[in-house]
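Student: Let chain A serve as the given structure and place chain B on it in line with the hints.
So the sequence lines, in the order shown, correspond to chains A and B.
As numbered in my numbering, residues 41 to 525 make up the first sequence, in order.
As numbered in my numbering, residues 16 to 492 make up the second sequence, in order.
No false leads were mixed into what you were given.
Below, a list of computed lysine to any residue pairs in the SDA-like style, where the Cα atoms sit at most 20 Å apart: (1) B:Lys129 / B:Glu25; (2) B:Lys94 / A:Thr400; (3) B:Lys489 / B:Leu436; (4) B:Lys316 / B:Glu339; (5) B:Lys460 / B:Met470; (6) B:Lys94 / A:Tyr407; (7) B:Lys185 / B:Pro172; (8) B:Lys489 / B:Pro479; (9) B:Lys94 / A:Gly406; (10) B:Lys405 / B:Lys476; (11) B:Lys356 / B:Ser315; (12) B:Lys144 / A:Tyr366; (13) B:Lys402 / B:Met363; (14) B:Lys489 / B:Ala449; (15) B:Lys356 / B:Ala480; (16) B:Lys94 / A:Gln416; (17) A:Lys382 / B:Pro99; (18) B:Lys185 / B:Lys316; (19) A:Lys393 / A:Arg369; (20) A:Lys393 / B:Tyr96; (21) B:Lys471 / B:Val451; (22) B:Lys94 / A:His405; (23) A:Lys382 / B:Tyr96; (24) B:Lys94 / A:Tyr408; (25) A:Lys393 / A:Lys451; (26) A:Lys382 / B:Ser154; (27) B:Lys94 / A:Val398; (28) A:Lys382 / B:Met153; (29) B:Lys489 / B:Ala456; (30) B:Lys144 / B:Asp209; (31) A:Lys340 / A:Ser443; (32) B:Lys94 / A:Tyr401; (33) B:Lys94 / A:Leu413; (34) B:Lys405 / B:Leu357; (35) B:Lys94 / A:Asp409; (36) B:Lys144 / A:Asp375; (37) B:Lys402 / B:Lys476.
Rough simulated footprint, nothing fancy, chain B against chain A, three-plus residues with beta-carbon under 8 Å: (38) 133 to 141; (39) 236 to 249; (40) 271 to 279.
The hints are simulated quantities; they were obtained by calculation from the structure and are not laboratory data.
Positions of the beta carbon are idealized from the N, C-alpha and C atoms, including for glycine.
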Amino acid sequence: MINATLLELSSALQGKRVSSVELTRMFVQRAQRTNDRLNAFITLDPDKSLAQAAAADARIASGEGTTLTGIPIAHKDIFCTRSWRTTCGSRMLANFVAPYDAFVIERFNAAGAVILGKTNMDEFAMGSSNESSFFGPVRNPWDLRAVSGGSSGGSACAVAARVSPAATGTDTGGSIRQPAALCGISGLKPTYGVVSRYGMVAYASSLDQGGPIARSAGDLALLLNVMAGFDARDSTSLERPSEDYGRDLERPLKGLRLGLPREYFSEGLDNDVAAAVQEALAQLRKQGCELVEISLPKTKLAIPVYYVLAPAEASSNLARYDGVRYGYRAAEYSDLRDMYGKTRAQGFGAEVKRRILVGTYVLSHGYYDAYYLQAQRLRRLIAEDFSRAFQQCDIIAGPTTPSVAFDLGEKSADPVQMYLADIYTIAVNLAGLPGLSIPCGFGAKGRPVGLQLIGNYFREAQMLNVAHQYQRVTDWHQRMPAEPE
Amino acid sequence: MDWEVVIGLETHAQLSTVSKIFSGAPTAFGAAPNTQACGIDIALPGVLPVANRGAVERAIRFGLAVGATVHSHSVFARKNYFYPDLPKGYQISQYEAPIVTGGSIQISVGDTSKAIRLTRAHLEEDAGKSLHEDFHGMSGIDLNRAGTPLLEIVSEPDMRSAEEAVAYAKALHALVRWIDICDGNMQEGSFRCDANVSVRPRGRERLGTRCEIKNLNSFRFLERAIEYEARRQIEILEDGGHIAQETRLYDPDRDETRPMRTKEDAQDYRYFPDPDLLPLEVDEAWRQAVAASLPELPQSKRERYMRDYGLSLYDASVLTAGREVAALFDTLVEALPQQPKLCANWVMGEIAGRLNREGSDFTQLPVPASALAGLLLRVADGTLSGKLAKEVFDAIWTGAGSADEIIEARGLRQISDAGALDPLVDAVIQAHPAQVAEYRAGKEKAFNFLVGQAMKVSKGKANPAQLSEILKRKLAS
Chain A
41 MINATLLELS
51 SALQGKRVSS
61 VELTRMFVQR
71 AQRTNDRLNA
81 FITLDPDKSL
91 AQAAAADARI
101 ASGEGTTLTG
111 IPIAHKDIFC
121 TRSWRTTCGS
131 RMLANFVAPY
141 DAFVIERFNA
151 AGAVILGKTN
161 MDEFAMGSSN
171 ESSFFGPVRN
181 PWDLRAVSGG
191 SSGGSACAVA
201 ARVSPAATGT
211 DTGGSIRQPA
221 ALCGISGLKP
231 TYGVVSRYGM
241 VAYASSLDQG
251 GPIARSAGDL
261 ALLLNVMAGF
271 DARDSTSLER
281 PSEDYGRDLE
291 RPLKGLRLGL
301 PREYFSEGLD
311 NDVAAAVQEA
321 LAQLRKQGCE
331 LVEISLPKTK
341 LAIPVYYVLA
351 PAEASSNLAR
361 YDGVRYGYRA
371 AEYSDLRDMY
381 GKTRAQGFGA
391 EVKRRILVGT
401 YVLSHGYYDA
411 YYLQAQRLRR
421 LIAEDFSRAF
431 QQCDIIAGPT
441 TPSVAFDLGE
451 KSADPVQMYL
461 ADIYTIAVNL
471 AGLPGLSIPC
481 GFGAKGRPVG
491 LQLIGNYFRE
501 AQMLNVAHQY
511 QRVTDWHQRM
521 PAEPE
Chain B
16 MDWEVVIGLE
26 THAQLSTVSK
36 IFSGAPTAFG
46 AAPNTQACGI
56 DIALPGVLPV
66 ANRGAVERAI
76 RFGLAVGATV
86 HSHSVFARKN
96 YFYPDLPKGY
106 QISQYEAPIV
116 TGGSIQISVG
126 DTSKAIRLTR
136 AHLEEDAGKS
146 LHEDFHGMSG
156 IDLNRAGTPL
166 LEIVSEPDMR
176 SAEEAVAYAK
186 ALHALVRWID
196 ICDGNMQEGS
206 FRCDANVSVR
216 PRGRERLGTR
226 CEIKNLNSFR
236 FLERAIEYEA
246 RRQIEILEDG
256 GHIAQETRLY
266 DPDRDETRPM
276 RTKEDAQDYR
286 YFPDPDLLPL
296 EVDEAWRQAV
306 AASLPELPQS
316 KRERYMRDYG
326 LSLYDASVLT
336 AGREVAALFD
346 TLVEALPQQP
356 KLCANWVMGE
366 IAGRLNREGS
376 DFTQLPVPAS
386 ALAGLLLRVA
396 DGTLSGKLAK
406 EVFDAIWTGA
416 GSADEIIEAR
426 GLRQISDAGA
436 LDPLVDAVIQ
446 AHPAQVAEYR
456 AGKEKAFNFL
466 VGQAMKVSKG
476 KANPAQLSEI
486 LKRKLAS
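In isolation and in its complexed conformation, chain B is listed as follows:
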């Protein structure tokens, strides 16, 4: 039996507002428990919610960025259930009339590109946290998080592999950071994905029974959980069993999913429009103002890079993985408009490698992009090459100054002048008659040896292209 996995993702992105979605209390992470929950957040008698304009604006940004419909009229609804981390006994969310519907996100797996459709995105408030360890048979409730604005983003079940799901999650993660609505910090819980997984015989249109998997706080867990779950469901079905629709937790230690000990399955949330809040109105003027404030989106940037610079889909994707790496690349290309590939290679190669080794990322460049542009200008004009360029890069990175300053200070100019190179090559030919003979006899490797020797003698400063040309000429004669 040929099985197909069908996956949809539900993502909760914490919006990066300073205060909560319905109160003025701060949203900053890491405060002492219950120090960032005001009367509204702890649901004192008599308090009332007031909508945070910045949260709504971020939802509009998202809707526009994914090509969705941003509704001019949407409604806040109460989702009623009891739990200690939900102070009001209901969560203010959106139900029948969400602010955003439709839209899509492009993903690429390998060389294939695919659009994952979105069902909807809506605003809601986060609950507090329940902590069960350290409390000896009781539970601790921290309401700091209660009321933090969330955008719940629901995809259509368009993904067909764990890989695609991860690609989608990563693209979505990059996008929300790109348009500045969410900091995407998964360790702090700013970006949480739940996966809905089902399987069906390939070719059948009807979807199988799905299970929802929670507690996926890394892309790695997401991938593994989906793979496990797909296998689990296929095994059951192949044995003639049925899939129970349930919510499951991923256990990273055992690499398996387990049914969640839920409060109640198939809860009736008794949704109804919240009478304390007016319907959300987004007029054309607001929508246009937000549209005008959006930066060039990753998708169009990718296409522009491929079209104008001839970069591959892969390279363009790497360079648009985040706003900061793209900004760096853009600055470099602005300084070297004729050398986009050179810039791309340096960003994806040396610079990315260095950041990686330091456990850092493109948001934390130690030097301004202009400094790196200065380096690339000297590579492009032949002043530096190969090892020398790397040496100067290292120096710039650790704050030794600009490329020109370092070249000057260390006398690192590349030797391209034939007058200087000629005697150098002669000297090398003189010093290694055996290899010269080998080369003339047909051994290509001997050539490289001679080049290497010449480079050594020049202390790495010889222009490799020039050097090779002169050496070849002299050996031919």
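The shape of chain A in the complex, shown without the other chains:
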């Protein structure tokens, strides 16, 4: 059961071979057993989960179940959930219980899915290793000395460790794709605007997107079908005809052009990662893909552009955490200013503070033009890089990360080193394009390697097609780490 796909679980539930209560209990127990070692979850609440499971069983019994009814799903602790706390991995919201559900949660609830728990994450989604969480780091289930990646580290870890059949995450600079790659599983960031951000706590508004994390392309499609859709409560949500993201899974790959950016295969890329990715590309060529060399000349600019724009938006989005209305408030203070200062000094971790400072700086008088405005101009140029590339290919392919998972603590001394590792994922968010990562082998120390696919706007179905076809003839996505002791 722990290795079953969502369709298999659904079939078992509908066929009454297992009940949602039994299934949920099994996963909850796995989560509880492993959390000391993995720390994938910030909040588990078996009573709540089982109550939902019981309701799902009743729904299935009355013949009104859908594909996801009764299936437990873990949610990144950035999605507001009524009656479960939503901490964003931060002391600032450690006691916060939202009075409403995020759009994504509403959708899963409507489908009858069960909330398995709220997963650990880098604080306020700022990070690439899940080491900045107030609730402690998440460990990579393939190697407990390694990071899980971030910021959706808890979700990726839970799915990889078979503690949850599927999970949700968010991706602002790679926070779904990178942990998926480092944990050897599949994750997808949709085109900007496809998944409503209502109830998804904002980090960088023009870059954030919610997306699914699972163990196969087919599962990602099922999850995306539930998560995607227009929401009038999010002004950046797109109104488009609804689609079945799994409709093209079985399409043959013949003639599909995969673009390989030369900038993604040059210095900075570790050999073990390069080797696994090249083998995957060779496999795809065998399956009919045409490999085309392309160039994304502005690749190097993506990091400074992102690290100006995202912190700028974050510095403003996080201004509401001031101890006045909800969340953490310093225990002692002398006046208003002191209350603000102490609350935010104590409530936020170092990485969050770093980004707020950078963001405030680049927006401030005298620097706005040179930094923020300039970064916005460059952002457009980066997007144009991709537009040009998509004239020569259908999908861009390459490594998700330059190296396999690093050790816990290895990069914490130098934040910039951490930032540089986002090189392949970050431009995708700047352009608003969809991106996904699937496992394609193992590298140094037996740690997983991810293959990234970048599609043109709204081409999620096409990307899932490539991923699914690859997964039909390989088994990387079925490999399972040893149980943590």
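Tutor: Relative to chain A, chain B alone:
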């Protein structure tokens, strides 16, 4: 040294939408604290703003009404600062690309008319309220007001006296009520003016250092504050000092302005376009639809009154001070198209006076305009005059019925018939030989006395014109 005062006004008008500019919470005034602030208004994690179409439409109405440019593309921007009544830690406003630029408002001071140019008008959300009394060393925050839509209207520094500033504020106030975008209730804070005041030697082109004056919640305060501030600045300059650019509060009890204990002077608000909102698009179709829905504006109405009815600028201005008084006048003139001046006199005289005495205004007429039209018809056709007309007016006002019903019930028809008046006049002449002699000797006043007596005898019903004519004739012979 001949000094000139230069004034510009910044006005915040609360737009009369039912719900807030970025959320569906209600905007109604007077609710218990924090009962009209939803998740979006209190800036919970994960909430997002959604623009209120009605607020945008009211901004378009305003732009069209003042002859401004209504931009087809404008941008919401975040104005970042920390304060407990600003839940998000930023205010959603407009900065580099406001929805309206340009335009002007006509004012008249005495007999002179002048156009005050507008720089811009933009949409933004109001903050909540901070209350410092009653909380014993703490402050109470009421977020009901947070998110209420505001139109910030900025004038060019075109005003040259406190009088002009008040005239502008009043004209603007009347206009926003006229086009139904704001209820203009200054007590409730729906219409707030800040004045930017500076002085310079007359003839110099360069503007002096200005101070911004806040807390002006009546036209009276506005006038006094500007006068005080101008005097203050002139005194400093004449003593050889410099004006510090600062924000000052007007203290009505002491009739003076004082520097405000500000959060921070010269705040850097780090404006940037709000990534949660799309740029505001106003297409031609929308603009035209709004234009078509605008009523005749006060300016054109004034001009029409002067042109078609021969009314003076002053009278026309009084009659267009508000939509309701103009509507009343229009109804009356429609019933009496040959008597615009009569209608004007009654509206500005008896009716306005009565409303004033009752502490009321033209929005609260106790009887329909048609009832008053009925009265004026009887005045115009000679049935009623002077005191009688007033008596009937009083009766109509207090709900006794229509003019005709009252005239009938009280037998108040004016006596114009010579047959009835003749003997009456004879009787008066007989009764007052002394005054008759005085008149014949040249004393005009005696005539008035005799008229008065005749009116008394007729119980006020004699047609005064007829009466005078008959009396004169008889006295001459």
